[in-house]
Amino acid sequence: MKKSRRKTGKGHLDKNFGAVHTDIEMQLSVNKGGPESLPASLVDLRRGDEAVLSEIDLPAEDARRLMELGFLPGARVVAGLSAPGGDPRVFEVDGSEVAVRRETARRLKIRRKGRSPRKA
Amino acid sequence: MSGCADCAGCGSAVTLPTVAVKAVAVIGPPNSGKTTLFNRLTGLRQKVANFPGVTVEQHTGVVELASGESVELIDLPGVYSLTPHSEDEQVAYDVLTGRRQDTSKPEAVLLVLDSTNLGRHLMLAAPILALGLPTLVILNMADDLRNRGGELDIKALERELGAPVALVSARQGEGIDEVREFLAGAMALPAPKSLPVLHDVPKCREWAGKVGSRAEYRAPIAPKWTRRLDAVFLHPVAGPAIFAVVVIAVFQSIFSYVTPAMDAVRWLFQASGNWIAATLPPSLVRSLLVDGVWSGVGSVIVFLPQVLLLFLFIGILEDSGYLARAALIADRTMARVGLQGKSFIPLLSAYACAVPAILSTRTIENKRDRTATILIAPFMTCAARFPVYTLIISAFLPNRQLLGFLSVRTVAMIGLYALGFLMAVVTARILKSSILKSGRTPFVLEMPAYRWPTVQSLGLRLLDRSKVFLRRAGTVILAVTVLLWLAAHVPYSHGRPPAIQDSLAGTLGRTIEPAIKPLGFDWKVGIGIITSFAARETIIATMGAIYGMDHPDSASMDLQNALRHDLTPAAAVALLIFFAFAMQCVSTVAVVRRETGGWKWPLAQFAYMSALAYGGAFLVNHLWRYI
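Each protein sequence line maps, in turn, to chains W and Y. At the far end of the first sequence sits residue 101, using my numbering, and the numbering has no gaps. At the far end of the second sequence sits residue 633, using my numbering, and the numbering has no gaps.
Pulled out of the complex, with its shape left as it was, chain W reads as follows:
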């Protein structure tokens, strides 16, 4: 099992409290692997499904927000209930429950595990 690695160096978040560059897209994983790791994301999860987060495909600023709430690469995420229509959906992550809109959930890539696997 390959552990996801973070890029260090330029993609790094700010080093001081001063002005921050926000335009750097953050790639939090280099897990572009075999056929079984087709790009699945949180939207592919149904209620009760579990997965491991692999990558946050969002601008650094937005990614930071999500990471502060527990959506870190390598974190275990369980899909929960949702608003009527399936959007937004509540995800259980790092001991708390966080609702995420579908458009955002799509950018949170996962490595599948847990029950009811579905081939995309």
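Be aware that one or more of the hints could be misleading.
Claimed, not checked - A few chain Y residues that don't get close to chain W, going by computed Cβ distances all over 10 Å:
#1 L286
#2 S293
#3 L295
#4 S326
#5 E452
#6 P459
#7 A485
Stated by the list, open to error - What follows is a list of derived Cβ distance ranges for each label pair:
#8 W:G66 x Y:L489: 50 to 60 Å
#9 Y:V68 x W:R28: 46 to 56 Å
#10 W:R28 x Y:L274: 25 to 35 Å
#11 Y:R477 x W:R28: 47 to 57 Å
#12 W:G67 x Y:A247: 14 to 24 Å
Source of the hints: derived by calculation from the structure; they are not laboratory data. All C-beta atoms, glycine included, are put in the ideal place defined by N, C-alpha and C.
Fit chain Y to the given chain W structure using the hints.
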């Protein structure tokens, strides 16, 4: 007995470390219970300070310690990290580092963390402790932690952090003495430890996890009841149905159960007004007091019980955690009109008042999204519109039941709330698809565990609301009423005040009458509308005062009867529409100007809303008969 002998060191500990802690900042992630702790410590002595440039209203309060000295607490906005990304985090950072001129640099910090989610919340500990200020780490919600089978070694955590740690339940009052001890400077502080300053979230989380496991932190099991309740409240069918029932029940009870309380307040004002009238000799002072102040301000204060009931319900919904679920259910609508999730909280608080709502838009980083939210916030039905709606609805609609359980008045009130929301949404749609187009930012909303609202916190909310309501009645509304009384008593002719329609106020009303005639309003309502631009509910005071002066014999003439006499049903509906859309609030205009940094937006907003109000009222007044 035995304790006294070795107490020598004790005495020096009290006096030694700090002479007086002047300002202490309270900081922590959102929803960690900062404000509950703040209220618990300051009791009822809290005041709301409105610093220019501060994200949300920043609260400061005074804690009085057993020793007699007092400490000023600064309640900072909830932040996840100390790296300033949005304006509210900037405020927290600036206050803590003493970069703000308007707030004294805190000499100590209370760091409030949720003990049921320590792994994540500890992330904030490193940057806060690195500031080098004496810090008490407060692990809040100790009762929840215990009930759900979580535990940790406090001493070990103190060693890991190099700071004192207190396990507290702010809701229950548990562990508060320890906090007071810290504030008094009587707590022995462990040797500070230099902690890694990490700005990378994954690394920071890793560090927090390590500290947690060294302190033998065992996370509590998931809240069982929250899961069960969510299965009902977020059910695709039952969820929205319950949402509707809750809303209907809230408004229905506002119309049905508060009548005795309102009658009592009304009686109080009538009785005291009559007493003043009987005691004082006929004079201008008596006229000012009875016809001006009493019938004017009094007719507004009558609505206090209803406003309080509304806020009791909102308080229960908010404190229990249900409002977060309501936000979830409503989010689809927000997304469709192009608003981001962060706009929801300001819009929700705009139901109380647009001013704090507009201040709280500072949490929105995207400037265009922020402007759009500021522009639509005044459409939400604020607490000042509420008494006006109640008065007109009660005057014109029978207390009849629809379908056996729904009162017509309830339906009308819900309709007006929905209308305000709809107009906000339509306006947002227009703005977001034209001048304020912007990319989307992610919507994330933490779902808090359900909790029982406590009597103390609900009581504090109501007290705070009463203060706001009465302060407005005692300042803006009182001032307008006195001015109105003056305007209604000049010019004097033959040593007597003029009839009201010939007075300055009456002339003013009759001057604008041609403009408002198409809406179905007469000059009296015209005066009311003019004064209501100071603050919406002033129209009630104005009408109360005008009718009081108009019928001097029956100073107590029922405002509802008087309105029925002067307005057609179509005009009454037109008046409701006018109030739903118009931006009749000086403070809102002022705050929009300050927050958008110029007159451009507030003027455009004022013009847009006035045009809508006029157009809407005009249409309703003319089309009503066809309905």
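Consistency of the no-contact label for A485 of chain Y, given chain W and a CB cut of 10 Å: holds, 45 Å
R28 of chain W and V68 of chain Y - C-beta distance against the hinted 46 to 56 Å: Because 49 Å falls inside the window, the suggested range holds.
Minimum Cβ-Cβ distance from S326 of chain Y to chain W exceeds 10 Å: holds, 15 Å
Distance restraint evaluation - R28 of chain W, L274 of chain Y, Cβ atoms, bounds 25 to 35 Å: Roughly 55 Å apart at Cβ, these two residues miss the hinted range, so it is violated.
Status of P459 of chain Y, Cβ more than 10 Å from any chain W Cβ: holds, 20 Å
C-beta pair G67 of chain W, A247 of chain Y: status relative to the range 14 to 24 Å that was hinted: holds, 18 Å
Nearest-CB test (10 Å) between chain W and L286 of chain Y: holds, 61 Å
Supplied distance hint 50 to 60 Å, evaluated on CB atoms of G66 of chain W and L489 of chain Y: holds, 53 Å
Assertion that L295 of chain Y lies outside the chain W interface [Cβ separation over 10 Å]: holds, 55 Å
S293 of chain Y and chain W, when compared Cβ to Cβ, separated by more than 10 Å: holds, 58 Å
Beyond 10 Å from every chain W Cβ - status for E452 of chain Y: Incorrect as stated: the minimum Cβ-Cβ distance to chain W is 5 Å, not above 10 Å.
Outcome for the supplied range 47 to 57 Å, where the beta carbon pair is R477 of chain Y and R28 of chain W: holds, 48 Å
Checked against the numbered hints above, the structure breaks hints 5, 10 and satisfies the rest.
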